[in-house]
Amino acid sequence: MTRAPTHPSSLLLIAAGFIIWALAFTLLYGGLSVGCAFGWQSKMIAGGNLLRVVLLAIWSVHLAALIGLLIYCVRLPRGDATPAFTRKVAIGSTAAALVATVWIGVAIPALSQCL
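Residue numbering for the sequence shown follows full-length UniProt numbering, starting at 1 and increasing by one per position.
Any given hint could turn out to be false.
Here are the computed distance ranges between Cβ atoms for each label pair [said to hold, decoys possible]: (1) LYS88 / LEU115: 18 to 28 Å; (2) GLY39 / ILE104: 19 to 29 Å; (3) PRO77 / ILE19: 20 to 30 Å.
In case anyone wonders, no lab produced these hints; they're calculated from the structure. Predicted, not measured: the structure shown is a model, and the values here were computed from it. The beta-carbon is built from N, C-alpha and C at its ideal position, and this holds for glycine as well.
Model the full assembly from the supplied sequences, consistent with the hints where possible.
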């Protein structure tokens, strides 16, 4: 029985979605803390306060990265270079990370940031 060769980046591809999610989570909470400490919620820019605009920008960039990664995973060629299991798990984990990223940022426009 011969195993199909696995590309070394397979594990990275599987984890990439949650790596992006963790980066978004960290930057959103770090940006919230810094923005509250420096009073960004009282500075107006582009029709909203500076803190909300910065947080929405951080969130949007990470959503775009996850959508791009999901498209990449879906378009991976079905062949010897990428085993079917790796492709399916990468799609599933990236989709889960996308849902998690939407969940952590969905309240940004609705709630007040600093108490």
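Check: For this structure, which hints from the list above don't hold up?
Finding: 1
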